[in-house]
Amino acid sequence: MRIDRLEIEAFGQLVGWRAENLSGQPLLVVHGANESGKTTLREFLATVLYGFSPGERGEHPYAPWNGEAPGGSAVLRLLDGSSFSLERRLRGAPEGRLTGSDGVAAALGNRPLPATGPVGRATFDDVHAARRDAPDGLREATWALVRERLLGGTAAPHLRSTREAAAGLDARAAELWQGSRRARTRHRRLALQTRRLQRTRDRAAAELRRMLELREQMAGKAWHLRGMQEQLAETRARLLRAERLLPVLRGLAAVEDLRRRAAAAVAQDDFESDARAWLTALRADARAAAERSAALATEIATHEQRTVLSLQDQAVLAAEDEIRTLVGEGAVHQQDLVHVNDLVRERDAQEALFRERCSNVFSAELDGSRRETLARLGLVELRARVSAWVDASGGPELAREELRQAKEYVRTCELDFEAIPSSDAERKLKQREETLRVLQAREDAWQALKKDVDAAKAALEAAAKRLRKPKSSTSQAAGLFVAAGSTLMTLAFGAGDAWWFVVPMAAGIGWFGWRTLRHRVETPVLSDEARAASTRLECLKLREQLGLHEFETVAGHLEKARESLAHVAARPELERRLVQARQRADDAARRVAQREQELDKLRQRVAETLSALPLLESRLQQPGQDLLHDIEELRATLREMTRLTGEQQAVALRAKEREARATRLAERLESAPSGRSPMEASAIWHERLQLALAARRRAEESGRVLPTLRDKGRELEAALRVAQESQRGGEQRLARLAGDGRPESGLNVLEEARAWRAQAVAAEAALRCQFPDWQERAAEAGDAGNRGETLDLTSEQRVALNDQIGQLETGMARLREELDALARERDELAARRPLSDVDGELAALHDERRRVEGRHDRLAALSGLLRLADERWRERWQAPVLATASAHLSTLTGGLWERLTVETSGGETRLFVKRRDAETLHALAEPLSRALRSQAWLALRVALAEQLDGNEPLPLVLDDPCGDWDAARVANAAGLLAAVGTRRQVVLLTGQESVANLFESQVKALVLRLPAAPVAPPTPDPTAPATTRVRRKDDARREGSHKDEPRPEDAQKP
Amino acid sequence: MTASHDEDSAGPAPTLRFVHCSDLHLDAPFAAADAAVRGRLAEEARATLRRLCELCLAERPAALLIAGDLFDDERLSLSTEELLVSELSRVAQAGVPVVLACGNHDNAAPGGRCSALAWPEGVHVAGSEPLTVDLRDAEGRTVGRVVAVGHGSAHETASRLSALPAAEEGVPSVVVLHGHVQGARGAFRHEPLSPCGPEDFAAAGHRYWALGHVHERQQVGRRPAAHYPGSLLARGFDEPGARGALLVTLPPKGEARVEFRPLSLLRFEMPALPGLPAVRDLTELRAACMAAFEALREQDGRPDALWMLRFELSGPCAAAADCQRDELLDELGDELTAALSSFGVLGVQVRDAGVTRPVDLAPHRGQPHLLGEALAVAAALQDDAVLDRVLPATLAGAAPGQDKRAYVRGLLADIEHAAAEALLREVRP
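Chains as they are written, first to last, in my numbering: chain R, 18 to 1071; chain U, 24 to 452.
One thing to keep in mind: the hints can contain errors.
[Claimed, not checked] Derived contacts from chain R toward chain U, CB cut-off under 8 Å, selection only: (1) Trp194; (2) Ala877; (3) Leu879.
[To be verified] Where chain U lies over chain R, by a calculated footprint (3+ residues, C-beta under 8 Å): (4) 220-232; (5) 866-872; (6) 912-918.
Worth flagging that the hints you see were computed from the coordinates, not collected in a lab.
Every residue gets a Cβ at the ideal spot worked out from N, C-alpha and C, and that includes glycine.
Let the hints inform the model, and build the full structure from the sequences given.
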């Protein structure tokens, strides 16, 4: 449907405006200054299509000021080429007449034009012809229509929008994990924990490696120690060998020397006759043998005594392992005792803290059973009940506040209801309102008349100046009438006979005066002035009747009267509102009681949970989380006390076990040192153990020596017997050997030789006695000599060997100390946290991190799913209209903004736009610029209009949409609207010359220019002569510039 | 390498009985936040080793075959090492030879703990080179032969089967191997080290394959029999059920009889909560958890069992708002641990694994609104193209090189209810 011709007879300030041959133009631009009537033209177009709204002339906002009936006509052309004429006029009632091209007319009344189809007046006003002052947004009724017809009812009220739901999911995911290392996420906290624990792990791994190293080092040092022990034993053996073998060697050498001297003195040992000497020697041998045997017996007895250990030494040796263990645990025992004391002190401190906290919560101290009850208290249930109590604590206060507000509202309603006037007053009010309305109309008419009179006077003066006419023809007419009267008067003074002359003369003069009076210039002015004076008088009477002062405005009183009448009309509504308010107050009062009961019940539930404990009454007076907090702290303190007690008992038990073992050992040894604890006496036991070990070594040595000594004793006894036999035989032989018969001569010689021999034998015997193993020693010495070993050590050599032994012993002691230190370090490391335990905690953290990551990814994926669903939903359900709107928006913004979507949330429909270079949607509101917002709404309106129309596309009337657009976007709009104009008629109303010129130059739009708004009339010059109102055509033509613009004289038609 | 060989054995081979176990992982970490629980679990691992040795001393089998991963190489403490040596020494001294095929965790790499360990006499350790041990009865007759091959490093990806000697006629032989059988249940959780398969089992002529590495007890070959005994001790919640060793009887002819002997008291279990949708608050949830544990105890029937429990909350639940708060669930876990400690429960975890408010999705499916579209997208997630559009740009938990689609699909269980929960303003059950 296109408008081909418009003719506005009177509509608002547009009077007699006309335009023709419009249907062939795709795009019409109506340009006019402010208040030139652009919006009035928009309203006229809507009125042509849909009728007058409101349908009462007195209330129509576009009723002309001059009181003329608003109306006009249009010729419309349909798509099939047919056309019809439509006239609408608002007199007493709205009138409409539809005349077809065949000349057949039909009454339309105030009904919409049938060709408007499904588009109602409201939709047309909101979409096709939006007002300039409401560019942003559609009315909710229009949105409902759009949703119902175009968006398929997709805005389900029970659903959140995708943006809202996805934002919630993203926020939850961001709390769990973020890519940024600075984000304080749960994953980040776990990572930090992991990092800290990783250091512990590295330390534990290093400790384990260190323990393995220690084991290796200890094995190496033990091997080294064994080597040194062997070397020490060898050195000691060499010294011992030297000491053991050297006397034997020397003894043997001495014996050999004696034998050599005896042989030198007596060549042959056949001087048996020297029996005395020999006998003497033999007797000496016998005595020496006896002495040696006795000495040996003494030595044997000494050794036998050494082989027997004392009972105490035996007992100490039997407990060797236990003594070593106790000595080794001595340091640990002292640490445990100190640790027990620390734990006792710490536990006492916790006990004091617990009692102090108890005093804040409970009325009595908690005994064991109550502490057990406290420890087993179900915190989840208590927390739930306390939370419910706290949550409900504000309920009564809120309900009381609600009750107070309800009562205030009841009072307000009561006052409103009491303010309703009575029926008598209502009748008077109606009369007053009618009178005021009449007065308003009269005063409006008087104002209009006064204005016309002033204007006419001004024109009259101007005309009088131009025509140089006498100021007043009325006086001339009055003179003529007086002359006519005088002529008639002559009949009374004697000219009655000449009546045939006088009467026609007087009639002629009167006719001439009448003619003069009839053609006077100021006639209209005088007529209007009279009407104005009459109207003014009527107004004053009405004001007096209404009790209004002359300068009081009627509109205010009329408004008050109407409000009062509206107040009367609202009596049922106020009555219903009062009943509802009282009902609300009653409900609120009931809720107060109910909330208080609920609160009391919740408090009782909390008290029930803690009934087994002597809770302070004051703690149940005011709800709060601090009670739960105090109980949790008490439970924590109780747990800590339990832990401390357990640890103290465990350590004390270990110490006690050690003490018991030490005591048992002392009892077994029957030698507990007085004044010391068994553990402290362990050092003494250690010394005793060393002594017992030394005694055992001596006994073992003696045991080894005794068999040899006994053998040697038997040999000495045999030697003694031989010596005695030799003495007897020698005496006989000496007596025989004496050459002079006296054995004394040879005896002296032989005695000397035999003495030497005896000395040799004695030396040899002594050697055997002293060294029973002299033969082995001799053989050993021989072997040593064969090896090149020097047995006859010098003092320097002995010193060197002793130094070597000292060094070896020192080295061994150092090695033992090192071994002990390594063992202590190993034991310390073994007591620390094992690597597997740290790894276990790490694994738990790792599991938690994986869980957090999984939850984050699930939330992110769910967010992505919702976004994809949203995208698909929009593609499926919002595609036709929003795709068109998005294309329009892209055209308008030069492709910068490419998408336009709609969301309905909480009953509110909102528009979102998307930039080409961004992913997020922006709500079409601040801070987006006003120009962009108006462009988006223009795009949406154009698209909606195309979708909403019926068979006939309705004209699109755009009221100055490009107000604050830049030139580029105005040019884009021109292109878009020109394209749209090929499918439907587009009427662009603008107050900007540049916009009109751009549309005209770029898309060849037809530009209609409205005349400028009338300026305020100049103050009339009372001295100026009254003239008639005349306007030259040239002046009027200068004001219009287009051929189709209504002629000035048409616009000035009354 | 042959440890011993009886040249003059003759006559039909008698029945061969041996104990087969694997994957004890001594001193491997237990993922638990509580230090006391970790200590208790580590002690249970050592106790399980003692019970294994007690079983051998009581049953007097011909051998104790350990198919690898007896301990964790880098974490084995000295005290545990001493215990291991003393216990195995006890078994070996009782005349039960012990054959250990090193696994990837206790591999025989030079300088490793396995190589440095002073194994007692009678314990035969097989590294990457095959080891043959003849088993004899009290009279000295050869009753069977064990061929073992282990891992020489932590990443033995190549198969060592070609190095195994063939079976000898008339001598029942058993292969001890720490290997990965592709397709075995739970095999995906383990590295594919030393791969083998049923076709390999039949080729060499051995009667029984004593396998290790996969922690789930199962039979992976019938002729010849090939068994995984499962881990001797559960390591986590992915290893539920009873754990122990196999007592295998191998008759001269016919199939092997395998008897499972539970040895570990420790149970990692995730009991189901069938009544979760009806749970209205945490008190009821606590009761439901205790009831589920009671049902589990009745099934198991072992009074001295030690329990590690995890309740995973998923699906619709009326108390979803509370069940989605980790701090409340942690407190509930602590309370359950305290309440059930007298029943041998060491720790209880209660976790939100996707619990949602109860929503009937049927009325929303196919509806022309966003939720209907979201449900349609969720149903189409098996399509890779759809999933790719849902995939987040950055995944927190996907390892480099991991299949992101498979990873995300694993996270999207019950995603329809989650989407409904996110979109619905007020859920109407």
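Do the hints match the structure? See the list:
{"no.": "1", "hint": "Trp194", "result": "holds, 4 Å"}
{"no.": "2", "hint": "Ala877", "result": "holds, 4 Å"}
{"no.": "3", "hint": "Leu879", "result": "holds, 5 Å"}
{"no.": "4", "hint": "220-232", "result": "holds (count 5)"}
{"no.": "5", "hint": "866-872", "result": "holds (count 5)"}
{"no.": "6", "hint": "912-918", "result": "violated (count 0)"}
In summary, the structure is inconsistent with hint 6 from the numbered list given earlier, while agreeing with all the others.
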